[in-house]
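Engineer: Put together the whole structure using the sequences plus the hints.
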Amino acid sequence: MSRGLLDIESISRQDIEAILTRSKTFQPAPGQPFKRTTILQGKSIVNLFFEASTRTRTSFEIAARRMGAEVVSITSSGSSVSKGESLVDTLNTLGAMRPDAIVMRHAASGAPHFLSRYLPVPIVNAGDGTHEHPTQALLDALTILDRRGTLEGLRVAIIGDIAHSRVARSNIFLLSKFGAHIVLCGPATLLPPQIGQIAPGIELTTDMEQAIRGADVIMMLRVQLERQNEAAFPAAEYFSFYGLRLEHVEAAKPNVIVMHPGPINRGREIASEVADSQRSAILNQVENGIAVRMAVLERVLA
Amino acid sequence: MGKLVIQNGRVIDPASGFDQVADVAMEDGVIREVGANLDATGAETFDATGLIVAPGFVDIHVHLREPGFEHSETIESGSRAAAAGGFTSICCMPNTEPVNDNATVTSYIVDRARRHAVVNVYPIGAITKGSAGEELASFASMKQAGIVAISDDGRPVMNARVVRHAMEFARALDMPLIEHCEDLHLSAGGNMHEGLVSTRLGLRGIPRSSEDVMVARDILLAEVTGVRYHVAHISSRIAVEMVAFAKSRGLRVTAEATPHHFVLADTDMLPYDSNYKMKPPLRERPDVDAVTQGLVSGAIDAIATDHAPHPGDEKMQEFERCPFGIIGLETALGLALEQLYHPGYVDVAHIVKLFTSNPARILSLDGGTLRAGGPGDVTIFGVDHEWTYDVGKSPSKSRNSPFHGRKFRGGPVATVVAGVMVWRFGEN
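Those protein sequence lines, which keep their order, are chains A and B.
Just so you know, we're using our numbering here: the first sequence kicks off at 1 and counts up by one.
Just so you know, we're using our numbering here: the second sequence kicks off at 1001 and counts up by one.
One or more hints might be untrue.
[Said to hold, decoys possible] So these bits of chain B aren't anywhere near chain A, every CB distance computed over 10 Å:
#1 Glu1033
#2 Pro1098
#3 Arg1115
#4 Ser1141
#5 Arg1217
#6 Glu1241
#7 Phe1245
#8 Gly1374
#9 Met1421
#10 Glu1427
[What the hints assert, rightly or not] Over 12 Å on every C-beta distance to chain B, these chain A residues come out as not near it, computed from the model:
#11 Ser10
#12 Ala18
#13 Thr25
#14 Arg55
#15 Gly95
#16 Ala108
#17 Phe114
#18 Arg169
#19 Arg222
#20 Ala236
#21 Gln278
[Stated by the list, open to error] Selected chain B positions facing chain A (in silico; Cβ < 8 Å):
#22 Gly1195
#23 Arg1200
#24 Thr1267
#25 Pro1271
Because the hints were derived from the structure by calculation, they are not lab data.
Positions of the beta carbon are idealized from the N, C-alpha and C atoms, including for glycine.
Structural biologist: Below is the structure:
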């Protein structure tokens, strides 16, 4: 962990437990404001977002500030990033400014892994291409733990574009380490058979009803409209096959948790009445994102 | 010109079946005689005791990047890397800038090679103009200027009708057609082999089927046209079976394999390390085994490197953005010994055949054998000496090799081109 947080696959269950335990101490009590600390006072963090993201970037910024760190955010437009400078040169330049950590989002899978081989500064992966989004899986785990107390033995259905989802990969690796039963569901073109072998405890299905039956948790993934151009699925029919509707929720466990990494496409992958229902934990996820990122930054920097 | 006698080596010449301890005498650029205790009066000598003396190695698939990409490689630097790998003849693919699709470019390459290369360089011409896959290039005039085959390597001809016509012309000129087998629609956007590893790493896959459908299509068309058809860098276990099937039908179909495809699988790659990115991609262990067995059985005829230099600043990028290809001339023999000879799959004579007489036969090159009066091209190598590959010392202008730091048992010791020693082990 001293080298940052690149992915969930390569960290141990013990490390994940430590982060989650620490995250709980950063959660505000009901009705109370978020806690502030000075643990990271004097530390500087560069948020480097090569791909547009409002919520993850803001979440990391708030987490850093609440712990007293200085934070600078750089997004791809309006910086040297968009002027043809290579990734290595950009990072070398930033590295020379001696930040204590770099939080990075990039459209290319493995970009933070590639850089971590050349840069002495710890890198926190805030999403790399279609590979992983480790802090998302951590905040999802915290959200489930808030309501269930354990991950072990839970049936978790992850539904949507599995093939291209970094959220799915990070969640699969995390949930598998904790003994959850994972059901992956989506159109056949977006559900590569090999993904069933990337970790223990995975079941694949193209049938939404089968995926949801008896589920403790339903995680919906964002549908990326650009995949239509690749003939990966008939867009017009997507909602009727893989959109989450109230009747699905009723087939799951009575206390099922509905999750979505956001931003949601109402009426495309999730019906409004589900997104806004008692079962939806979507806003808890956003709140927990800050607590988890505080714990991650502390672990990387303190 | 001078005389050179290579003494007391085990001389292996697969084309003639010769295999015994002997001397090889060269004079005026050609082989004068092969036999015991030859007269070395007035000649330079080389003691090859304990070493193998073979015909000069032939690599029928390299990229020399000149003209157009001289920052990656030149005909001179590439030829020096070839010599350091024991190769005395190399065939360069036409994807230069401009593309070698006409006799002017061919003549330029031939002329540059004559003046600057330390080994024999044979150009391969494009199949279509600009390798754009539409209009046929000028085969006959390029042949007169010196091309030995046609290929749109790296930009496979997707239109089956165009390929068919190219095959008909190539057949009439008795010129082999080499295909880089990849259906570009199936492989679009892919960066590594489509499988468990690509799924885990979140990288877009290049499916095995993208190679298989092209091999199948071309074999069917080769049967219709009667062309001499050659599959470049075969990597799929199914493609290997199809080539064997084509041979069993008596078609004039041949195939080559690269060392990286018979040594490395996708599971061996360092995650997101661009030195493991090439086309075809590193496939799964059963494919590596099938390629190895194809080289043993004869389904695959030759070893070729697909030496593809890219400078550091182009390879030092995000995996999905960096170009495809690795250099391979200097490590080819070491890897062949490691994977084929030391485990006992083949004897040394078979290794020599894969590097000499077979590739020379595929492209009808002068060489690949040690006959009196033939070119004085000789490769001297050992099968036991230990050495470590240091890509930093490569004569190539590029450093993109996944084999940097690898320890080898056996490899090239000296390279002789036209009776002149152009490289010796330890003299890089």
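Engineer: The structure should be examined with respect to each hint, and the outcome stated for every one.
Structural biologist: Status of each hint after checking the structure:
With a least beta-carbon separation of about 55 Å from chain A, B/Glu1033 lies farther than 10 Å from that chain, consistent with its non-interface assignment. Against the 10 Å criterion, B/Pro1098 stays outside the reach of chain A, whose nearest CB is about 25 Å from its own CB. In this structure B/Arg1115 is separated from chain A by more than 10 Å, as the shortest Cβ-Cβ distance comes to about 35 Å. A cut-off of 10 Å between C-beta atoms confirms that B/Ser1141 is not in contact with chain A; the least separation is 40 Å.
Listed as outside the interface, B/Arg1217 is consistent with that label: its C-beta sits roughly 22 Å from the nearest C-beta of chain A, beyond the 10 Å cut-off. No Cβ of chain A comes within 10 Å of the Cβ of B/Glu1241; the nearest lies about 22 Å off, and the non-interface call holds. Separation of B/Phe1245 from chain A is adequate, the least Cβ-Cβ distance of about 27 Å exceeding the 10 Å criterion. At roughly 49 Å, the least C-beta separation between B/Gly1374 and chain A is larger than 10 Å, which holds for a residue marked as non-interface.
With a least beta-carbon separation of about 40 Å from chain A, B/Met1421 lies farther than 10 Å from that chain, consistent with its non-interface assignment. With a closest Cβ-Cβ approach of about 33 Å to chain A, B/Glu1427 is found to remain outside the 10 Å limit, as its non-interface label requires. For A/Ser10, the shortest C-beta to C-beta distance to chain B comes to about 10 Å, within the 12 Å cut-off, and the non-interface label is violated. Taking the minimum C-beta to C-beta distance to chain B, about 24 Å, the non-interface status of A/Ala18 holds against the 12 Å cut.
Once the 12 Å rule is applied to beta carbons, A/Thr25 is consistent with being away from chain B; the minimum gap is 32 Å. Listed as a non-interface residue, A/Arg55 keeps its Cβ farther than 12 Å from every Cβ of chain B; the least gap is roughly 21 Å. Against the 12 Å criterion, A/Gly95 stays outside the reach of chain B, whose nearest CB is about 15 Å from its own CB. Under the 12 Å C-beta cut-off, the non-interface status given to A/Ala108 relative to chain B is violated; the minimum distance is some 4 Å.
The Cβ of A/Phe114 sits about 5 Å from the closest Cβ of chain B, inside the 12 Å cut-off, so the non-interface label is violated. Taking the minimum C-beta to C-beta distance to chain B, about 6 Å, the non-interface status of A/Arg169 is violated against the 12 Å cut. Every CB of chain B is more than 12 Å from the CB of A/Arg222 (nearest about 16 Å), matching its label as outside the interface. The claim that A/Ala236 lies off the interface holds: its Cβ sits roughly 23 Å from the closest Cβ of chain B, which is beyond the 12 Å cut-off.
Here A/Gln278 stays apart from chain B, with its beta-carbon at least about 34 Å from theirs, past the 12 Å limit. Evaluation of the B/Gly1195 hint against chain A yields a held restraint, the C-beta minimum of about 6 Å falling below 8 Å. The interface hint given for B/Arg1200 is met, as the beta carbon of that residue sits about 5 Å from the closest beta carbon of chain A, less than 8 Å. A cut of 8 Å between beta carbons decides the hint on B/Thr1267: the least distance to chain A is about 12 Å, and the hint is violated.
Proximity of B/Pro1271 to chain A holds as hinted, the smallest CB-CB distance being about 6 Å (cut-off 8 Å).
Violated hints, listed in ascending order, are 11, 16, 17, 18 and 24; each of the other numbered hints is respected by the structure.
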